[in-house]
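With the hints as a guide, dock the two chains, each given alone in a separate frame, to form the complex.
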Amino acid sequence: EAQVTQNPRYLITVTGKKLTVTCSQNMNHEYMSWYRQDPGLGLRQIYYSMNVEVTDKGDVPEGYKVSRKEKRNFPLILESPSPNQTSLYFCASSNPTRTSGANVLTFGAGSRLTVL
Amino acid sequence: AQSVTQLGSHVSVSEGALVLLRCNYSSSVPPYLFWYVQYPNQGLQLLLKYTSAATLVKGINGFEAEFKKSETSFHLTKPSAHMSDAAEYFCAVSDRYTDKLIFGTGTRLQVFP
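In the order they appear, the protein sequences are chains P and R.
Numbering-wise (this note's numbering), the first sequence opens with residue 62 and increments by one.
Numbering-wise (this note's numbering), the second sequence opens with residue 626 and increments by one.
In isolation and in its complexed conformation, chain R is listed as follows (with noise of 0.2 Å):
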């Protein structure tokens, strides 16, 4: 069965610093995977998606992600914190043959001035 584990339920930053939060993956064949964010108050939204092309993906607002197989890892990244990327974030997986999209606990960001 596929599933994912994002590490740590909230992390916190200061604007400007580095925004790292960890997703492992767990999956019997080729994934694909997803990372997608949760501002208060609204539905979810595509940051980005790997799709067995590059395994650095980049997405909207300055996001990227990096897909490694040996680490069994796609961890979101972002160089420079920004006080409006405070949001919760989901890591999601899906295999080639479902459609279905299996979701992690999310990740609660805070970014502090």
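Just chain P, with the same shape it has in the complex (with noise of 0.2 Å):
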């Protein structure tokens, strides 16, 4: 089946204990993003990678890092999280194709971070 798979679903931690959620994508996809969900706000991207090695910041990338060494791979990474980073987390990916123009994205289930 193709999926986006994000782990772990829920965590529960304090502040300043580094964590990482991973996000796993079987489609080939070349295009991955984070996003964090908050109420009244939407969906915000924090990071996207156009392709392997290449990653950009989204509109609200402070305090997270990301890498892609492989093209299935995008794992977020939160080096010293802090409560104002408590959100839905969710990973998504796609072909952008020139010729349609419409970056279609399948997203994961999200996953819950509350940091205390």
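Be careful, since some hints might not be right.
Residues of chain P placed beyond 12 Å of chain R at every Cβ, according to the derived structure [stated by the list, open to error]:
no., residue
1, 73
2, 81
3, 170
Computed list of lysine-lysine pairs in DSSO-like fashion (alpha-carbon distance at most 30 Å, straight line) [stated by the list, open to error]:
no., chain 1, residue 1, chain 2, residue 2
4, R, 725, P, 118
5, R, 725, P, 79
6, P, 126, P, 78
7, R, 674, P, 118
8, P, 126, P, 79
9, R, 674, P, 132
10, R, 694, P, 132
11, R, 694, R, 725
12, R, 725, P, 130
13, P, 126, R, 725
14, R, 683, R, 693
15, P, 118, P, 130
16, P, 118, P, 78
Covered stretches of chain R (chain P as the covering partner; in silico rule of three or more C-beta atoms under 8 Å from a C-beta of chain P) [said to hold, decoys possible]:
no., segment
17, 638-652
18, 687-694
Quick caveat, the hints were computed from the structure, so don't treat them as lab data.
Cβ atoms here follow ideal geometry from the backbone N, Cα and C, with glycine treated the same way.
And the structure:
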């Protein structure tokens, strides 16, 4: 089954304790992206990657890091989590096509992170 | 800069009633427009997309949306609501050059029996 898999789905941690949220896709997609979802704010892009070893900041990158060493994986790293990073995180992937131009994202199920 | 505005963070309808979720966009270039749906405890999934072909776009589960350039709108409709339509709906815009999707703040649809 074509899918984007995120782990963990739920995590409670404490301020300053480094954590990584993994994301893996099995569709050979070039484009991957991380979003955070907060009530009343919708989804905001954290980082994205156009391909292996190519990453760029989204709209809210502060406090996050990413890497793209392999095409299928795009982990999100919180080096020193803070309470304002408590949120619902989504990983998504796609193969943007220049003929249609429409970037249709496939989303993971989400990772709910609480930082105390 | 591109953006979308969803009017109404919550919409309530009775089962069988018309569903209308509003989305207005701002874009300096011809946009691509999307509606995504998020069911409880799930990720987002694509309902429909507009990519400059027909202005009336049909999606899954009986939803459709009409692109109106003069009104910069892309409202989502469904003639008859079903209980299973209760979810959060997101409008999104992307331009033809960056592939970046910009989401609205979402509209939560409640359907009452």
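Hint check results:
1. 73: Consistent with the label, residue 73 (chain P) stays out of reach of chain R, its closest Cβ about 17 Å off (over 12 Å).
2. 81: 19 Å, holds
3. 170: Given that some Cβ of chain R is not farther than 12 Å from that of residue 170 (chain P), nearest at about 5 Å, it is violated.
4. R:725 with P:118: This hinted pair holds, its Cα atoms lying about 11 Å apart.
5. R:725 with P:79: Holds: residue 725 (chain R) and residue 79 (chain P) sit about 28 Å apart, inside 30 Å.
6. P:126 with P:78: Answer holds: residue 126 (chain P) to residue 78 (chain P) is near 14 Å, not above 30 Å.
7. R:674 with P:118: 25 Å, holds
8. P:126 with P:79: Since the Cα atoms of residue 126 (chain P) and residue 79 (chain P) sit roughly 11 Å apart, the hinted pair holds (cutoff 30 Å).
9. R:674 with P:132: Since the Cα atoms of residue 674 (chain R) and residue 132 (chain P) sit roughly 26 Å apart, the hinted pair holds (cutoff 30 Å).
10. R:694 with P:132: 38 Å, violated
11. R:694 with R:725: Roughly 21 Å separates the two Cα atoms, so the pair holds.
12. R:725 with P:130: 21 Å, holds
13. P:126 with R:725: 19 Å, holds
14. R:683 with R:693: 15 Å, holds
15. P:118 with P:130: Holds, at roughly 17 Å.
16. P:118 with P:78: Distance of about 23 Å is within 30 Å: holds.
17. 638-652: violated (count 0)
18. 687-694: violated (count 0)
Consistency with the previously given hints fails for numbers 3, 10, 17 and 18, ordered from lowest to highest.
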